[in-house]
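Please build the complex by placing chain B on the supplied structure of chain A, with the hints as guidance.
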Amino acid sequence: MTLPSRRALSRRGFVTAAVASLLVSCGGNQTDRSTDDRTTDDRAGAEKTGNSQSPAKAAKALGRSVPVRLQVPAIQVDTPLMRLGLASDGTVEVPPIAADDKAGWYEHSPTPGQVGPSVILGHVTVGSYGDGVFHHLSRLRRGDRIVARLENGKAAEFAVTDVRTVAQAEFPTKEVYGNVGSPELRLITCGGPRTGDGYRDSVIVFAALSSDSTQ
Amino acid sequence: MRRTVLSAIALACTAVLASTVPAFADGTTPTAAPSTAPSQAPSEAAPSAEPSQGNEPSQGTEPTVAPTPVPGDEVSVVPSGAPDTGEVSTSTKSGSDSGLIAGGAAAAFAVGGAAFFVVRRRRATGE
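Chains as they are written, first to last, in the numbering used here: chain A, 1 to 215; chain B, 1 to 127.
So that you can see chain A by itself, here it is in the shape it has in the complex (with noise of 0.2 Å):
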């Protein structure tokens, strides 16, 4: 009596530790899936940039006012600003790694609606808190609509004239921070393949103040 419920014990204890087994082993292959469909995803998004550059000179230039949130609708971004500086090494502060991940304003270029290239960063990935605030800023079209609260209540509103991936070792360093003698907008995060330690490619968005910028 007692042989046979024990046979069906191990037997079951057999069968249990094999399911679990399998689930397991499945967990873990799971993790590499959703990696991998971001990386196609940042993929197909690094291919599908627009082309041209015409910025739409007609709008009037703001004052001065640092910005202290940025609004992305198309690609759901709604994101306080902190300020960027330079690093040690000459290179720009980037926002730091956190769950609560949001974009900086780097403050030796014009606030957004100056005349001159405003330039906004933001991280596409935040190592093991997952997506960064930029994550889908490679699929911004021409014609979107970027919006830069500022701290002096006013709103500036840019319209995207263009979506570049490069590649970092050909960053266009006179492109994103030269003189271009209207109120402008970069917008600035990492693409492309991931490379050992970080990305290729950055993704460069460009944007000029549209002439409906609340005043």
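It is worth saying that the hints were derived from the structure and are not from the lab. Everything numeric in this text was worked out from a predicted model, so none of it was measured. Ideal Cβ placement from N, Cα and C applies to all residues, glycine included. Take these hints with a grain of salt, some might be off.
What the hints assert, rightly or not - Quick list of simulated restraints, FRET-style, between CB atoms:
1. B/73 to A/145: 23 to 31 Å
2. A/129 to B/114: 39 to 47 Å
3. A/195 to B/111: 37 to 45 Å
As the list claims (entries may be wrong) - If you want a taste of the chain B side facing chain A, the calculated C-beta under 10 Å gives, among others:
4. 75
5. 77
6. 86
7. 87
8. 88
9. 89
Same frame as chain A, now just chain B:
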């Protein structure tokens, strides 16, 4: 009989341990990866870590270095190089490694279980 069973169980346990321990030994290497993460680019990552001390906007960072401000330029100080705005998840690597670990452990567990089951069955049939 009892000795056979016990030795079989001992053998199974040894097999499980033998196959799992190397897997975890392997797995601890990726855990060391986070320690390589900070050192991955001392020139780039270290400065980006500095402002992260507080989660607040970093305001006092400019005095360290000044790549000569150019008066009259719209961007007064032009930074060098591309910004490092993509922190790759270390879990990407450890994800595949944890898959290996899990797979190895599962296989070892299955082998151990099978051995145990076979021995019990033999015992039941009275060998």
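We went through each hint and held it up to the structure:
| no. | hint | in the structure |
| --- | --- | --- |
| 1 | B/73 to A/145: 23 to 31 Å | holds (28 Å) |
| 2 | A/129 to B/114: 39 to 47 Å | holds (41 Å) |
| 3 | A/195 to B/111: 37 to 45 Å | holds (39 Å) |
| 4 | 75 | holds (4 Å) |
| 5 | 77 | holds (4 Å) |
| 6 | 86 | holds (3 Å) |
| 7 | 87 | holds (4 Å) |
| 8 | 88 | holds (6 Å) |
| 9 | 89 | holds (5 Å) |
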